[in-house]
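Construct the entire structure; sequences and hints are all you get.
Per the numbering used here, the very first residue in the sequence shown carries number 508; after that it's consecutive.
Any given hint could be a false lead.
What the hints assert, rightly or not - Beta-carbon label-pair distances, calculated as ranges: (1) M508 x K614: 24 to 32 Å; (2) K509 x T585: 26 to 34 Å; (3) M508 x S619: 38 to 46 Å; (4) S513 x V578: 33 to 41 Å.
Hint data in this document are derived by calculation from the structure and do not stem from the laboratory. Glycine included, each C-beta is placed from N, C-alpha and C at the ideal position.
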Amino acid sequence: MKQLISSGAPWEPIIGYSRAVRVGNVVEVAGTTAQDGEEVSGATPYAQARRILEKIAAALEQAGASLEDVVRTRIYVTDITAWQEVGRAHGEVFANIRPASTMVEVKALIDSRLLVEIEATAIISR
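Structure (structure tokens):
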């Protein structure tokens, strides 16, 4: 059974994606940014990463999972020199969970105000 989780973003049906998809005990959370409607939450990489992780937690909850189930994150930043800010936010959330993680610099995200995008994979083991 496949469960689709929507964030309600207007571009989901246009682009043809879901915020998250659960198949069995696996949940994949799509690239998530700090975009909230027309606004971007947070002007710094740290603040955006914290907001993104809140949104990922909410998507996981809708799928019947939690941050403790996350086994992998992928972090995209528009300026790799901000790695410590983004890493600090990630570490505050995942310090005891310690998923496998990758951080890479990308040329740009879909909106120039966006500095960070994060994907997550969770495996529900309970």
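Against the structure, the hints:
With their beta carbons about 38 Å apart, M508 and K614 fall outside the hinted range of 24 to 32 Å. In this structure the supplied range 26 to 34 Å holds for K509 paired with T585, their Cβ-Cβ distance being about 32 Å. Look at M508 against S619: about 39 Å separates their beta carbons, and that is inside 38 to 46 Å. For the pair S513 and V578, the beta carbons lie near 23 Å from each other, so the given range of 33 to 41 Å is not met.
The structure is inconsistent with the numbered hints 1 and 4, although it conforms to all the rest.
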